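Just need the whole structure built from these sequences, with the hints factored in.
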Amino acid sequence: MTEEIMVKDKEIVVPGETIATGISFLPGKGAYRDNDKIVAQRLGIVSIDGKVIKLIPLAGKYIPKLKDRVVGMVIDVLMTGWRLEFNSPYSAVMTLKDATSEFIPRGVDLTQYYALGDYVVCQIVNVTSQKLIDVSMKGPGLRKLRGGRIIEVNSQKVPRIIGKDGSMVSMVKQATNCDVIVGQNGWIWIDGEPENEVVAVKAIKKIEEDAHLSGLTDKMAVWLEKETGVKVNPAAAPQAEEQLTEEHPHHFGGSQ
Amino acid sequence: MTYAKRFDGRGMDELRPMSAKVGIIPRADGSAMFKIGKTVALCAVYGPRDLHPKFMQNPETGILRVNYNMMPFSGHGERVRPGGGRRSKEISMVIENALLPVLDLKEYPNSVVDVFIELPQTDAGTRCAGITAAAMALADAGLEMKDLVCAVAAGRCEDKIIVDLNYLEDSHEDGADVPVAVLPNSGKVTLLQMDGEVTREQIKEIIAKAKEACKKIYEVQKAALKEKFAR
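For the protein sequence lines, the chains are E and V, in the order given. Our numbering puts the last residue of the first sequence at 264; the count rises by one with no breaks. Our numbering puts the last residue of the second sequence at 229; the count rises by one with no breaks.
Honestly, I wouldn't trust all of these hints.
As the list claims (entries may be wrong) - With a cut-off of at most 16 Å between alpha-carbon atoms, the simulated EDC-like pairs for lysine to aspartate or glutamate come out as follows:
id	chain 1	residue 1	chain 2	residue 2
1	E	K45	E	E12
2	V	K104	V	D48
3	V	K87	V	D48
4	E	K18	V	D48
5	V	K226	E	D42
6	V	K226	E	E216
7	V	K186	E	D42
8	V	K226	E	D218
9	V	K144	E	D42
10	E	K75	E	D106
11	E	K37	V	D102
12	V	K224	E	D218
Since the hints were derived computationally from the structure, they do not count as laboratory data. Computed from a predicted model, the values in this text were never measured in an experiment.
What follows is the structure in structure tokens.
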């Protein structure tokens, strides 16, 4: 069998499509090996890195991952904590210990800390094989979200909304003068002047829609300037406060 | 007498004109439309999501739940009674079994993937159109799949082997109808039913022709999925 890549890099493939033939290629995320073929396992964009072939998914639900920072909503108050929902098939539990550094007296009404319907930005600290999830509020930038609005985007588009080293979201923040927190789960909190919030929502929806196109940062810089009149330089956009890694590209707004 | 020419003038191996579109239902996690001749299937996929009632949850794997429904006005002048019946329940089950081999829901214990197939207009071959639409919708929902699934009904009308029967051929007194679902890349069969009588030689020919026809359906599916993102 000849060693051959059947599709171009960055091409869209459908499940079952043969990406490459030959045993020297390795299937990465979203691909699998079928004898001597590398086959796509989902709808995605092919990304070839040497001999490793992986897929960048175009769609899909958010699947909780350890250390992800997510925006969640309190859906239930339990005996010893809170249950949160965060745009995923599974809900998470936040225990008293992980909820706050404040002292919580015995028998107190827990809704005075987090009430039903409150939004928080929290971090996933444990995921079991049965997808029981623990989240924590202990960490820099983790807090209750007051005011603003929440929008939902496809969680697979989140890395694009954040951009490289947070460049994209910084640009949106700079142009619209809004506070923006992007959760890995695809829930985004936006807080600012109402008319600015509207522009920020439009900008994020546009990024989501065009996420699979290249050169998006520059296009968005032009778009934002046209919408807001604020000139933003994508290259000079301020870096995220935290050290961002490729594995977990997070970006969070300033503290309140 | 022989069945020399098909009622709608098609060739014996010719499919009805097909069209497909992905992403027709914005609120669903994945959706697709598949149209073959006068048969139209709409499909919406939701999930993986929380499964209720809780006793249906399986801690080992996520489950697939298919709902097949013909709309009341979809048939041939006879009003189809709305709601589930014996027929739709059975078809839901066979569609589920046809789709399940390509899915791996082990990653999603206790959850469900809901597939809703609605048929606003029918002219035979609805379960096949439903499977074809559902495969596209599942891919659009971003689920991990080994392959797509294509389906078509082949069969016999008098002495001729024909592909993609319409309602006239399907209900012909001397004939047989064999819906076949195929995984296009491996050629494996995930659905095979038969209504009517055929000989051993004929069934072999029917399955071979159905597999051949599925290749054309696969191209339509692939093009529709890619078109959603091509810009």
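Hints breached by this structure
3, 4 and 5
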